[in-house]
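J.: Residue numbers (this note's numbering), protein chains in the order written: chain A, 1 to 331; chain B, 1 to 353.
Each hint should be verified, as a subset may be incorrect.
Straight-line Cα separation of at most 20 Å, SDA-like style, residue types lysine to any residue; simulated pairs [as the list claims (entries may be wrong)]: (1) Lys263(A) / Glu71(B); (2) Lys133(B) / Ser163(B); (3) Lys263(A) / Lys115(B); (4) Lys206(B) / Leu170(A); (5) Lys263(A) / Arg157(B); (6) Lys263(A) / His220(B); (7) Lys115(B) / Asp138(B); (8) Lys252(B) / Asp72(A); (9) Lys115(B) / Arg157(B); (10) Lys263(A) / Glu272(B).
No lab work stands behind these hints: they were computed from the structure.
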Amino acid sequence: MEEVLRVEQLSVYYHTSAGPVKAVERVSFRLHAGERLGLVGESGSGKSTIALALMRMIKPPGRIEQGEVLLDGQNLLKLPEEAMRRVRLAKISLVAQGAMNSLNPVKRVRNQIEMGLRDHGALPANGQLAQVTAELLDRVGLRPSVAGMYPHELSGGMKQRVCIAIAISLQPHVIVADEPTSALDVVVQWQVIDTLRRVQQELGAAVIQIGHDMGLMAQSVDRLGVMYSGSLVEIGGTRGVFSEPLHPYTQLLIASLPSLDGKGTLHGIPGLPPSLLNRQGGDCPFHPRCPHAMTRCTIEEPKLREMRKDHWVACHLYDDALSESPRVGAA
Amino acid sequence: MARREIGMTAILEARNVSKVFAAGVISKTETVALERFSFSIGSETPSVTAIVGESGSGKTTLVRLLLGLIEPTGGEVLYRGQNLARLSRTEQNGFLRDVQTVFQDPFEVYNPFYKVDHVLELPIKYFKLADSKAAKRDLIERSLEAVGLRPDETLGRYPHQLSGGQRQRVMVARALLLKPKVIIADEPVSMVDASLRATILESLLKLNREFGISLIYITHDITTAYQISQDVIVLYRGSVAEAGNAELVVPKPEHPYTRLLVGSIPLPDPEEPWLGEHVLGTPAGGLVPTGDSYCRFYQRCPSAMQQCVESAPPFFLTDPQRVTACYLYQHAPAVPTTELSDVLKSDRQAVPT
Numbered sequence: 001m002e003e004v005l006r007v008e009q010l011s012v013y014y015h016t017s018a019g020p021v022k023a024v025e026r027v028s029f030r031l032h033a034g035e036r037l038g039l040v041g042e043s044g045s046g047k048s049t050i051a052l053a054l055m056r057m058i059k060p061p062g063r064i065e066q067g068e069v070l071l072d073g074q075n076l077l078k079l080p081e082e083a084m085r086r087v088r089l090a091k092i093s094l095v096a097q098g099a100m101n102s103l104n105p106v107k108r109v110r111n112q113i114e115m116g117l118r119d120h121g122a123l124p125a126n127g128q129l130a131q132v133t134a135e136l137l138d139r140v141g142l143r144p145s146v147a148g149m150y151p152h153e154l155s156g157g158m159k160q161r162v163c164i165a166i167a168i169s170l171q172p173h174v175i176v177a178d179e180p181t182s183a184l185d186v187v188v189q190w191q192v193i194d195t196l197r198r199v200q201q202e203l204g205a206a207v208i209q210i211g212h213d214m215g216l217m218a219q220s221v222d223r224l225g226v227m228y229s230g231s232l233v234e235i236g237g238t239r240g241v242f243s244e245p246l247h248p249y250t251q252l253l254i255a256s257l258p259s260l261d262g263k264g265t266l267h268g269i270p271g272l273p274p275s276l277l278n279r280q281g282g283d284c285p286f287h288p289r290c291p292h293a294m295t296r297c298t299i300e301e302p303k304l305r306e307m308r309k310d311h312w313v314a315c316h317l318y319d320d321a322l323s324e325s326p327r328v329g330a331a
Numbered sequence: 001m002a003r004r005e006i007g008m009t010a011i012l013e014a015r016n017v018s019k020v021f022a023a024g025v026i027s028k029t030e031t032v033a034l035e036r037f038s039f040s041i042g043s044e045t046p047s048v049t050a051i052v053g054e055s056g057s058g059k060t061t062l063v064r065l066l067l068g069l070i071e072p073t074g075g076e077v078l079y080r081g082q083n084l085a086r087l088s089r090t091e092q093n094g095f096l097r098d099v100q101t102v103f104q105d106p107f108e109v110y111n112p113f114y115k116v117d118h119v120l121e122l123p124i125k126y127f128k129l130a131d132s133k134a135a136k137r138d139l140i141e142r143s144l145e146a147v148g149l150r151p152d153e154t155l156g157r158y159p160h161q162l163s164g165g166q167r168q169r170v171m172v173a174r175a176l177l178l179k180p181k182v183i184i185a186d187e188p189v190s191m192v193d194a195s196l197r198a199t200i201l202e203s204l205l206k207l208n209r210e211f212g213i214s215l216i217y218i219t220h221d222i223t224t225a226y227q228i229s230q231d232v233i234v235l236y237r238g239s240v241a242e243a244g245n246a247e248l249v250v251p252k253p254e255h256p257y258t259r260l261l262v263g264s265i266p267l268p269d270p271e272e273p274w275l276g277e278h279v280l281g282t283p284a285g286g287l288v289p290t291g292d293s294y295c296r297f298y299q300r301c302p303s304a305m306q307q308c309v310e311s312a313p314p315f316f317l318t319d320p321q322r323v324t325a326c327y328l329y330q331h332a333p334a335v336p337t338t339e340l341s342d343v344l345k346s347d348r349q350a351v352p353t
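Next up, chain A with everything else stripped away, as it sits in the complex (with noise of 0.2 Å):
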């Protein structure tokens, strides 16, 4: 399959009085044409962080460390600021983590479509602004009314739906999506992520999909990455992941997660997530949590290596299998 996004080594971090915080340590990942990514993780792990690095929107005192994000070839994060103006949205879209605060309250559905088609000199000749106006709104399954609407007048489902209708409106390679359904009902988060899913294999685009919730991943994403404190410490095919977890962090997030199978005893994961300021490395960042911590973990940090075929693993019990022909490098 055809590689449309390469990120290599990849480090954001937050400068803060008290010390860098690393929330995005050395990450790396590669995603492919008209494929649907999940990065999985909990609040503080760094998946919302990769996300806005992406699109190259960190703000100071967050800064890129280092690392490359190759869309198409080109390393995002070495081009002149007008020219990745220029590369949002209409290659690589966002629909932003409560996307329904993202519209402009005062601006009709119609004109926030226009606004980026014409920043991006892609206006429609005369006349045929509502008629694609109307399709965009179409592939999302919205009503050609919905144009004239203000955002207060939508549903949040409806909303989210706007967004995403602005986020294809260029007809990008990739689209980030961060928490797209998070404050939504289930019924309307189904309808969210269909029609979300829908759009992206007609347009042949890809999507990360970036969120907390292993179900929400498990239903609607091909690969996944699982993201723990600013580290990727597994990624792989979304079956295989949940199938065959292998990180002991996955297995304890599988294992913790309610089911409608039976009551069984609640199984939380014991301690908590680690802090991110000035965190050393050098050691394995889930070792304080984990039930099958080695000496080993706590003086060497993991890297992330492919265990079974695209099913990548950064943790120590897999060291002696993997002994004898290392594979290390992007996921």
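Chain B: place on chain A using the hints.
T.: What follows is chain B alone, placed relative to chain A:
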């Protein structure tokens, strides 16, 4: 089914409670937030009841009514048989001790300028629960330990120094200090990380099992509702759609709305289908309500009939432990809405303790 004896006074009871919000001065628009809701928490067997609903279902209105924060427009909320609005000062004090709440947002309930000790000391001071400093400390430590927190790691810190999960458990510990009979937990885990949710729910369940406290668990998440409660009440736009034993309502939902709700849960298993709206199919359409009484779900329901828009369906007792407010089940005997608690209670008596 025998009507409940008047002598067995419930601790907290909603009797045919309705709440209508009116807005506008010239042309009044009325919103029915809750319609003829009846429910009671007895004093005999501690129970765990989940009230499940999406936004707009009336669950927040119900919490505020049960706490006496707002007054119903119809029916009454009773604490030990007394209307909440007419409690004497002593009864009011008793109510505040017996009925405790854990709110949704573990960030906003704290004053950031005080250490977390403050929220634990206040109720002790207000209700004079301890007569010495040592007794106070002991009481606080025991309740923190009961919810799985280490006092030395928790006390003396400011709210921002604790995680969301820890802060939420401090609130559970605070509720426990007063040895309440009922804890109303309003979306206690919706703002907490996945890995910590199970721990908080586990600490709430422990209060039920070890301290005999009844729980009312208000949530939009039918999966956790199923996991922790004996009974589930499903609300849709202010009315009860279906209610009964959790083992019936969630795995084998009857009401079309409950079926939609259960079918929309993204299960954490890629092999399971995620049907969402495909569970139901196309709404029937073409129906217009003839009056104020109609099934609130008719517009989205594929099985909607003329009957559904002529009068709201009553509760049909489809199982000794479940009622469903839907005409699809009209072959089953109808029961008055006020008898919901008796239906819910039947399973508790059946289970030997």
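J.: Against the 20 Å threshold, does the CA-CA distance of lysine 115(B) and aspartate 138(B) hold or violate the hint?
T.: holds, 18 Å
J.: Are lysine 263(A) and glutamate 71(B) close enough, with their CA atoms no more than 20 Å apart?
T.: Roughly 37 Å between the alpha carbons, so the hint for lysine 263(A) and glutamate 71(B) is violated.
J.: Assess, step by step, whether the Cα of lysine 263(A) is no farther than 20 Å from the Cα of glutamate 272(B), and give holds or violated.
T.: This hinted pair holds, its Cα atoms lying about 18 Å apart.
J.: When you check the alpha-carbon spacing of lysine 133(B) and serine 163(B), does it fall within 20 Å?
T.: Judged against 20 Å, a Cα distance of about 27 Å means the pair is violated.
J.: Check the hint pairing lysine 263(A) with arginine 157(B) against an upper bound of 20 Å on the C-alpha distance.
T.: violated, 36 Å
J.: Lysine 115(B) and arginine 157(B): Cα distance at most 20 Å?
T.: Satisfied, since the Cα-Cα distance of roughly 5 Å is no more than 20 Å.
J.: Does the alpha-carbon distance linking lysine 263(A) and lysine 115(B) stay inside the 20 Å limit?
T.: This hinted pair is violated, its Cα atoms lying about 38 Å apart.
J.: Quick one, are lysine 206(B) and leucine 170(A) close enough, alpha carbons at most 20 Å?
T.: Violated, at about 54 Å.
J.: So if I understand the rule, the pair passes when the alpha-carbon distance is 20 Å or less; does lysine 263(A) with histidine 220(B) pass?
T.: holds, 18 Å
J.: Regarding the pair lysine 252(B) and aspartate 72(A), is the alpha-carbon distance no greater than 20 Å?
T.: Roughly 49 Å separates the two Cα atoms, so the pair is violated.
Hint compliance for this structure: hints 1, 2, 3, 4, 5, 8 are not met, and every other hint is.
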